[in-house]
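Novice: As you go down the protein sequences, you meet chains G and U in turn. Residue numbers 0 to 273, in numbering that gives the first Met the number 0, belong to the letters of the first sequence in order. Residue numbers 0 to 179, in numbering that gives the first Met the number 0, belong to the letters of the second sequence in order.
Hints should not be assumed to be uniformly reliable.
Within a straight-line C-alpha distance of at most 27 Å, the following computed BS3-like cross-link-like pairs (lysine-lysine) qualify [as the list claims (entries may be wrong)]: (1) 173(G) x 147(U); (2) 156(U) x 4(U); (3) 160(U) x 147(U); (4) 147(U) x 4(U); (5) 156(U) x 145(U); (6) 156(U) x 256(G); (7) 201(G) x 145(U); (8) 160(U) x 4(U); (9) 173(G) x 212(G); (10) 4(U) x 173(G); (11) 156(U) x 260(G); (12) 201(G) x 4(U); (13) 256(G) x 145(U); (14) 173(G) x 201(G); (15) 201(G) x 212(G); (16) 4(U) x 256(G); (17) 44(G) x 85(G); (18) 44(G) x 156(U); (19) 260(G) x 160(U); (20) 201(G) x 156(U); (21) 145(U) x 260(G); (22) 160(U) x 145(U).
Bear in mind the hints are in silico, worked out from the structure with no lab data behind them. Source: prediction; values computed, not measured.
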Amino acid sequence: MALRGNLRDFTVTQLLNLINLAHKTGTLVIEGPSEVARVAFRDGKLAYAQVGQEDNRLATVLHRSNRLTAGQYNAIIQRAAHVTDKELGLLLINAGYLSQGDILTALQAYFTDVVRRLFTWVEGFFRFENEMMPPEDRINVRLDLENLIIEGARQLREWEQLQDEIPSLDMALKFTERPDTNIQKMNLSVEEWRVVSFINPKNTIRQIGAAAKMGDLEIRRIVYGLLQAGLVEVVRPEGAPPTAQERTRAAAPVQDKEEQKSLVNRLITRIRSI
Amino acid sequence: MQTVKMVVTGPFSSGKTEFIRSVSEIDVVATERKISSDAEKTVKQATTVAMDFGRITVDEDLVLYLFGTPGQKRFDFMWEILSEGMLGFIVMVDSTRPETFREARSILETFRAYAPTPYVVSANKQDAPDAWDVEDMRHALRLDAKVKLLPCVATDKTTVKNVLLELLYSILAEMDGGAK
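Model the full structure from these sequences, guided by the hints.
Specialist: Following this line, the structure appears as structure tokens:
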């Protein structure tokens, strides 16, 4: 079903997070104020990106990243304009000009740059076209999104939005149970590592902020990034004073539990019969 | 006569009143008023200002009350009052309006802070052509895999019953010391 909406309600960072967590394959089409961006993903990893009519052919990308000289670039454009990106890549590797790694690194850097530019888009419509991928003759990469998501989240400076996302600093954090995520491989900033080192269901976000000598805005910003990357989740702090309801429950006699279960079972039977 | 209470909450126009209306044996006591904000007027003409109130009589000794919270944020002072003593709560989310997902998440966190009772999230309007997929919504709402996110059409009694039953199963599981 539809995965579409407005960037005012759903930021590019949030979309990347969703695509990453759902391991989606397809193309995210974003209609910005002046141009359209198409970013393709395979199994939740960045595969390809294009913005507007910008020339993203392999020769251009390699030239921009100083992997091809101006002379080499002009020669390719004049004599091999009809050659596809995949064919050109093979020719350059076979001729010993570049390695496969050089080509993929240049493309990754270019696609990452396109996505970075999208972080500044706050107006526009988006839609996700399932299974739609770039033309066969284009080279795709396979780039984890976590670092990009954290980077995008860093750019989110709106205090009100952060307050909406993390309404209370009196909650605690715990690491999510995602065995496929290796935190060691992630490029966290010094500040993020400092916060990560204090994460424990016993510590409130406020306490972590104080320990890491960060203000409310700064700690919210970092926690938001970690939440968006799916590394942590917000939980009630362990050892927190019980709420009024918890106190009431704790005071209830033990035999009430069976009565309560009986009551719930009666409710279940009644609702089934509606 | 013993009474128990469940709360149906969620953003403005997420379908709380319809949800209660589908299963209540009395006409829902809805305290609706004309919308004052122009932006919200484009979504619907009237909204709940205090609370909706529905009833399901279980037997001569037991009655279940369903309370719907007001959708507009300026009435959120009512939430804490409504949450007192509830057995559990349901967060309604309009699957066709991703712009409300962030608010739904915020309401969920607020109610969890009021009372750590079991809850389920109901992805309403799943019959609409532009409804988001339930699993996409789970990611967008940042719901843990253990949290029940249930497809629903608030005007369809069967799906509403399913949401209520799933909440009751969660309440039973918690009483048995299991996960939510």
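Novice: All hints, please: hold or fail.
Specialist: Hint check:
1. 173(G) x 147(U): holds, 20 Å
2. 156(U) x 4(U): holds, 19 Å
3. 160(U) x 147(U): The hint holds at about 14 Å.
4. 147(U) x 4(U): holds, 20 Å
5. 156(U) x 145(U): holds, 25 Å
6. 156(U) x 256(G): violated, 30 Å
7. 201(G) x 145(U): holds, 21 Å
8. 160(U) x 4(U): holds, 16 Å
9. 173(G) x 212(G): holds, 20 Å
10. 4(U) x 173(G): violated, 31 Å
11. 156(U) x 260(G): Answer holds: residue 156(U) to residue 260(G) is near 25 Å, not above 27 Å.
12. 201(G) x 4(U): Roughly 32 Å between the alpha carbons, so the hint for residue 201(G) and residue 4(U) is violated.
13. 256(G) x 145(U): Given pair residue 256(G), residue 145(U) holds - Cα atoms ~24 Å apart, limit 27 Å.
14. 173(G) x 201(G): Judged against 27 Å, a Cα distance of about 9 Å means the pair holds.
15. 201(G) x 212(G): Status holds; Cα separation ~18 Å.
16. 4(U) x 256(G): holds, 17 Å
17. 44(G) x 85(G): holds, 20 Å
18. 44(G) x 156(U): violated, 40 Å
19. 260(G) x 160(U): holds, 19 Å
20. 201(G) x 156(U): violated, 42 Å
21. 145(U) x 260(G): holds, 22 Å
22. 160(U) x 145(U): Holds: residue 160(U) and residue 145(U) sit about 20 Å apart, inside 27 Å.
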